[in-house]
Amino acid sequence: MTSVAPSTRHIISILVEDRSGELARIVGLFSGRGYNIDSLAVNRSIEPGMSRVVLTTRGEPPVIEQILKQVNKLVRVHKVRHLQGEGHLERELCIVTVRTQNARAREELERVIKLTGSRVLAFSATAFTVEATGTSTDIDHFLELIRPLGVRDMVRSAPIALSRAGTEAEAPAVEVGGVLS
Amino acid sequence: MQGSRIVLDQLDKDAPAPSSARRNQSSPPARQNEPVAPGGAVQSSALDLSTAPVLRGARIVVESLIQEGVDLIFGYPGGAILHVYDELYKVQDRLRHVLVRHEQGAVHAAEGYAQSTGKVGVAMVTSGPGATNVVTGLQNALMDSTPIVVISGQVATTLIGNDAFQEADIVGITRPCTKYNYLVKRVEDLAPTIKEAFYLARSGRPGPVLIDIPKDITANTTAFSYPEKVELASYKPTIKGHPLQVKKAVDLIRQFDKAVLYIGGGVVTAGAEREVMELSRRMNLPVTPTLMGLGAFPPSDSRSLGMLGMHGTYTANMAMAKADLIINIGARFDDRVTGRVDKFAVNAKKIHVDIDPSSVNKTVMVDVPIVGDAKHVLQQMLEMLPDEKPPERSAWWAELREMQRRYPLRYKDRTDCIMPQRFFEELASLTQGRYICSTDVGQHQMWAAQYYPVANGRNWLTSGGLGTMGYGLPAAVGAALNGTKEPVLCVTGDGSFQMCIQELATCVQENLNLKILVMNNRFLGMVRQWQELLYDRRYSEVGLKYFPDFVKIAEAYGATGFRAEKPEELRAVMEKGLNTPGTVLMDIIVHKETNVFPMIPGGAAHYEILLGPEDDEQKDAQPRELA
Chain A
1 MTSVAPSTRH
11 IISILVEDRS
21 GELARIVGLF
31 SGRGYNIDSL
41 AVNRSIEPGM
51 SRVVLTTRGE
61 PPVIEQILKQ
71 VNKLVRVHKV
81 RHLQGEGHLE
91 RELCIVTVRT
101 QNARAREELE
111 RVIKLTGSRV
121 LAFSATAFTV
131 EATGTSTDID
141 HFLELIRPLG
151 VRDMVRSAPI
161 ALSRAGTEAE
171 APAVEVGGVL
181 S
Chain B
1 MQGSRIVLDQ
11 LDKDAPAPSS
21 ARRNQSSPPA
31 RQNEPVAPGG
41 AVQSSALDLS
51 TAPVLRGARI
61 VVESLIQEGV
71 DLIFGYPGGA
81 ILHVYDELYK
91 VQDRLRHVLV
101 RHEQGAVHAA
111 EGYAQSTGKV
121 GVAMVTSGPG
131 ATNVVTGLQN
141 ALMDSTPIVV
151 ISGQVATTLI
161 GNDAFQEADI
171 VGITRPCTKY
181 NYLVKRVEDL
191 APTIKEAFYL
201 ARSGRPGPVL
211 IDIPKDITAN
221 TTAFSYPEKV
231 ELASYKPTIK
241 GHPLQVKKAV
251 DLIRQFDKAV
261 LYIGGGVVTA
271 GAEREVMELS
281 RRMNLPVTPT
291 LMGLGAFPPS
301 DSRSLGMLGM
311 HGTYTANMAM
321 AKADLIINIG
331 ARFDDRVTGR
341 VDKFAVNAKK
351 IHVDIDPSSV
361 NKTVMVDVPI
371 VGDAKHVLQQ
381 MLEMLPDEKP
391 PERSAWWAEL
401 REMQRRYPLR
411 YKDRTDCIMP
421 QRFFEELASL
431 TQGRYICSTD
441 VGQHQMWAAQ
451 YYPVANGRNW
461 LTSGGLGTMG
471 YGLPAAVGAA
481 LNGTKEPVLC
491 VTGDGSFQMC
501 IQELATCVQE
511 NLNLKILVMN
521 NRFLGMVRQW
531 QELLYDRRYS
541 EVGLKYFPDF
551 VKIAEAYGAT
561 GFRAEKPEEL
571 RAVMEKGLNT
581 PGTVLMDIIV
591 HKETNVFPMI
601 PGGAAHYEIL
611 LGPEDDEQKD
621 AQPRELA
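If you read the sequences in order, they're chains A and B. The opening residue of the first sequence carries number 1 in my numbering; numbering runs sequentially from there. The opening residue of the second sequence carries number 1 in my numbering; numbering runs sequentially from there.
Errors might be hidden in some of the hints.
[What the hints assert, rightly or not] Computed, partial: chain B to chain A, Cβ under 10 Å: (1) Gly161; (2) Phe165; (3) Ala168; (4) Asn181; (5) Tyr182; (6) Leu183; (7) Lys185; (8) Arg202; (9) Arg205; (10) Lys229; (11) Ala233; (12) Asn361; (13) Val366; (14) Met403; (15) Gln404; (16) Glu425.
In case anyone wonders, no lab produced these hints; they're calculated from the structure. Note that the structure is a prediction, hence the values are computed from the model and not measured. C-beta atoms are modelled at their ideal positions from N, C-alpha and C, and glycine is treated no differently.
If we strip away everything but chain A, and leave its shape as in the complex, we get (with noise of 0.2 Å):
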């Protein structure tokens, strides 16, 4: 095997002020520097007037090391955290729309959504929409799966993630699973 494996994904957890302009600055510096954002979550920390950043990137050890560095060089951010291995949790949602024309499909799309955990979160005659939860290795497994079924509309979100050894004590160590897991 001579084929080169692709630069391994790294989540990147930040906080930052909730003011304007910062994740334009976060962005920026990747753009700016030639890193790529593979997906972005943003929304209100648990602290006052904190925003958490999930992001994903791809790089070399080097490459990674010059990232979190360069988050960290930013006036307004507080934290930067790699999240890696075993040492997180991590979920991504989706949400997809699937056409069931007749009975057969409609079994199908149950057999999935059962296999799966998945949840139906609005139906018609000729359509369902289901959601799903779990990591994103788990939604590529289960895309693969409801693809044959016919998908109209489909959204995912980028991952969110939380580190398992956190600064508290009693950070939980034993996943329970996602839906999907």
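Assemble the complex: chain A is given as a structure, and chain B must be docked to it using the hints.
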């Protein structure tokens, strides 16, 4: 004096003064708007700030600058910043504004002021085009870590986003070329923002900060008190080096024989020249400065190897290639120093002291990274060094001395025309390197770096990281206004000079003691050199077929101009020019096609050094592979 009194009263009511009363004829021309009290004494514009007076935003801006210790700003007025300029008019006794002729000049002048004093330089511009014109200067300051604060006017908050007249999203435009920037949306935020901006500009790795202030914010009022402190939980520069890392560095310096001290602009910023000298002396270390580190170590010292990098000395570059230990203090392994990174100093252990963690392991992986301020870390090193006899390093020094003997900076002088190197040698001999010297960018910059014996780092103003043609003249303006009694030199080229030539007006207006030396080869010389060496002499758009008569230009601006065309008149013209008061331009016509050597071509390894045709031993001076 009744007339003056009326002027003052009217100004305080923001009413336009009648033009006949506007000028106080008895004042010197540069300060014609000085508020004068009855009896002729300058009336102070100072406010009692202990009561937190209610002021409008524009006044808060100028009072904050004064509280910050600013006494000089460079700028250019316009619609969105008018309220602030009105307040500047009233506080002329405490805050001097120098009117430039282009906003780029204001920022470079602020940089020159900052670089030559160590204080924060300040520029003020209006919105839209005024603000977009500062972009080059901001990026220049970012790359050379120069502390400046730029205040830009913005259209009123109610108009932002409407494509209003002279509107530009300058916070968006300058986000990647500032250390930090602000759009102030409430007048209450003005004073804290200015306080924070100055703190960010000067602390840690210094850099440019921009504050964008909408016009209505400068008109709104609030109680003014200037904050005493800045609290920024997310911004805490590391000053002291980690003791274990410092210990490791000290052990390496004592252990390795073929060591070299590689010093950059960080040494100047930190004011660590004495510590560098002591380390070099106590450990008998050869020292090579980068372009930005020139002056941080005396070029006349026997341990100085001269400048490092693309046009650095043969010995400095080869010392890095042959060293077994490189001690980098406040430099950043720039590509102009490393050449091909995978061939850079492969056998050397590397110590890197830098205040910016992201500079460490960015291009070159190092063995001992130390994040901290150069002065503090060097002091820590010196404290850890045992009191012992300096190591001999005799084989290493013998090797370096032999290289210095065989490959010094050299050129063949001519009698039919002025050789550029000859011009720089004369400049060095006439000034002994004791004056502040700014340069532009190109061949003249490299020759100045090679030949001008910069006496201290704050005397050397050059655009290192960005390579901004046009930097030199306005930077010299900023330095000449820093209170120095000595003349300030601006060494420039016929190409660079024309990029900010309009600042000649500022020089004459402020009656600056500025000596401009135009190295005139009628070419964009550095680009021509690359085209000669790397593009088979295809001179694409580098010949300045038309160029103005610089002497006449100087005279048209009200400065004095001289020209030297022949070697025999060179020294006399330069002596005359340097001794003539005021702003003087010397147009030095030099040989057209001289190249700067040594040269490490872009993409080559740092030991693949091209020497000049004068070096008959050139061939065997170019080891393709190192032993």
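These are the hints, each one checked on the structure:
no.: 1; hint: Gly161; verdict: violated, 12 Å
no.: 2; hint: Phe165; verdict: violated, 23 Å
no.: 3; hint: Ala168; verdict: violated, 15 Å
no.: 4; hint: Asn181; verdict: holds, 8 Å
no.: 5; hint: Tyr182; verdict: holds, 9 Å
no.: 6; hint: Leu183; verdict: holds, 8 Å
no.: 7; hint: Lys185; verdict: holds, 8 Å
no.: 8; hint: Arg202; verdict: violated, 14 Å
no.: 9; hint: Arg205; verdict: holds, 9 Å
no.: 10; hint: Lys229; verdict: violated, 16 Å
no.: 11; hint: Ala233; verdict: holds, 7 Å
no.: 12; hint: Asn361; verdict: holds, 6 Å
no.: 13; hint: Val366; verdict: violated, 12 Å
no.: 14; hint: Met403; verdict: violated, 33 Å
no.: 15; hint: Gln404; verdict: violated, 36 Å
no.: 16; hint: Glu425; verdict: violated, 42 Å
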